[in-house]
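There are 2 protein chains.
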Amino acid sequence: MPHGGFSGSLTSPKFDFAVDMGHPFLNRTVDGFIRIGAVGGCKVAAEETFECLQRGDVSKHKVEHALKKMCKEGAYWGTVAGVYVGVEYGIQKIRGHRDWKNAMVGGALTGALVSAVNNHHRHNVVKNAITGGAIATAAEFLTHLTSS
Amino acid sequence: MPHGGFSGSLTSPKFDFAVDMGHPFLNRTVDGFIRIGAVGGCKVAAEETFECLQRGDVSKHKVEHALKKMCKEGAYWGTVAGVYVGVEYGIQKIRGHRDWKNAMVGGALTGALVSAVNNHHRHNVVKNAITGGAIATAAEFLTHLTSS
Numbered sequence: 031m032p033h034g035g036f037s038g039s040l041t042s043p044k045f046d047f048a049v050d051m052g053h054p055f056l057n058r059t060v061d062g063f064i065r066i067g068a069v070g071g072c073k074v075a076a077e078e079t080f081e082c083l084q085r086g087d088v089s090k091h092k093v094e095h096a097l098k099k100m101c102k103e104g105a106y107w108g109t110v111a112g113v114y115v116g117v118e119y120g121i122q123k124i125r126g127h128r129d130w131k132n133a134m135v136g137g138a139l140t141g142a143l144v145s146a147v148n149n150h151h152r153h154n155v156v157k158n159a160i161t162g163g164a165i166a167t168a169a170e171f172l173t174h175l176t177s178s
Numbered sequence: 031m032p033h034g035g036f037s038g039s040l041t042s043p044k045f046d047f048a049v050d051m052g053h054p055f056l057n058r059t060v061d062g063f064i065r066i067g068a069v070g071g072c073k074v075a076a077e078e079t080f081e082c083l084q085r086g087d088v089s090k091h092k093v094e095h096a097l098k099k100m101c102k103e104g105a106y107w108g109t110v111a112g113v114y115v116g117v118e119y120g121i122q123k124i125r126g127h128r129d130w131k132n133a134m135v136g137g138a139l140t141g142a143l144v145s146a147v148n149n150h151h152r153h154n155v156v157k158n159a160i161t162g163g164a165i166a167t168a169a170e171f172l173t174h175l176t177s178s
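Residue numbers (the numbering used here), protein chains in the order written: chain A, 31 to 178; chain B, 31 to 178.
Check each hint, because a few of them may be wrong.
The list cannot tell twin chains apart, which means a pair is met if one copy fits it or any two copies do.
Unchecked claim - Calculated cross-link-like contacts (lysine-lysine; reagent style DSBU-like; alpha-carbon spacing at most 30 Å):
1. K157 / K90
2. K102 / K90
3. K157 / K102
4. K92 / K157
5. K131 / K99
6. K131 / K98
7. K92 / K102
8. K99 / K157
9. K131 / K92
10. K123 / K157
Think of the hints as simulated: they come from the structure by calculation, not from any bench.
All chains should be modelled from the sequences, with the hints used to inform the complete structure.
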């Protein structure tokens with residue numbers, strides 16, 4: 031894994047300076063945006079680097095294209111994560127405790143919100159809500175399994 | 031969320047009877063397969079129910095098709111999860127501790143393995159490895175953010 035050291039040194043030191051917005055809800059949302067946005071950006075960076083290596087040519091135009099794509103995809107991942115963290119925090123406050131049902135409802139609401147904002151049809155909004163809920167539940171289960 | 035109660039009553043009681051294979055590695059892998067397979071199956075069930083409700087007709091043929099799709103997608107989700115949990119457990123044992131780098135490497139290896147088994151091109155294997163690593167890292171960060 032050549033990317034291990036690369037993204038480790040890029041991201042680890044930055045994340046210690048968490049932005050303080052004065053409220054845990056905002057802190058979490060912004061933290062989610064920055065962290066997951068960085069992950070999304072790193073993913074595009076790794077993909078574009080691999081494509082450049084495979085083609086064997088690096089031009090100014092391609093680097094610019096890669097940077098734009100990194101920003102765009104990073105912002106998208108960050109927004110989805112920010113919405114999810116915010117929604118999950120709200121559900122946690124309302125329900126009073128935390129389990130996989132929070133993740134499911136949070137993922138479903140996030141999927142619905144994100145696809146509604148992107149002007150999809152009502153049909154797709156429901157499908158994205160179902161997919162979002164399923165993915166969030168699966169991620170919740172998996173993290174518990176690997177951390178136990 | 032009409033699906034909350036439905037999948038809650040379907041899945042919660044089952045998961046308490048964990049299969050004991052005699053070794054934590056096998057236990058986790060099987061547990062991951064069952065849990066995430068159930069999540070994948072529930073996702074397809076919810077999607078197919080929604081489609082039936084929207085079209086307004088339920089035939090025997092469609093129910094059979096939905097059941098087949100549930101099994102197929104459930105097995106796929108379960109396999110990916112089982113591989114991920116197994117790989118992550120191995121990495122954790124080798125590295126001796128647990129952080130987001132485990133999730134990243136585990137996700138990348140799982141993405142590479144699953145797409146290599148599915149006979150994709152070398153190009154796609156690397157892309158899936160990158161995507162898998164990014165998704166696993168994002169899930170790890172998100173679960174930490176929402177649980178802290």
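Hints versus structure:
In the homo-oligomer, the alpha carbons of K157 and K90 lie at most 30 Å apart only across protomers (23 Å), although the nearest pairing inside one protomer, at 40 Å, exceeds that limit. When the C-alpha separation of K102 and K90 is checked against a cutoff of 30 Å, the pair qualifies only within one copy, where the shortest distance is 18 Å, while the shortest distance between copies is 45 Å. Taking the shortest alpha-carbon separations for K157 and K102, both the intra-copy value of 24 Å and the inter-copy value of 18 Å come in at or below 30 Å. In the homo-oligomer, the alpha carbons of K92 and K157 lie at most 30 Å apart only across protomers (18 Å), although the nearest pairing inside one protomer, at 35 Å, exceeds that limit.
Taking identical chains as interchangeable, the C-alpha atoms of K131 and K99 lie at most 30 Å apart only when they sit on different chains, with a minimum of 24 Å there against 34 Å within one chain. When the C-alpha separation of K131 and K98 is checked against a cutoff of 30 Å, the pair qualifies only between copies, where the shortest distance is 26 Å, while the shortest distance within a copy is 37 Å. For the homomeric pair K92 and K102, the shortest alpha-carbon distance inside one copy (15 Å) is at most 30 Å, but the shortest distance between copies (40 Å) is not. In the homo-oligomer, the alpha carbons of K99 and K157 lie at most 30 Å apart both inside one protomer (26 Å) and across protomers (16 Å), since each shortest distance falls under that limit.
Taking the closest pair of Cα atoms, K131 and K92 come within 30 Å of each other only across two copies (29 Å); inside a single copy the shortest separation is 43 Å, beyond that limit. In this homomeric assembly, K123 and K157 come within 30 Å of each other (Cα to Cα) only inside a single copy, at 27 Å, whereas the closest approach across copies is 38 Å.
Going down the numbered hints, you'll see the structure goes against none, and every one checks out.
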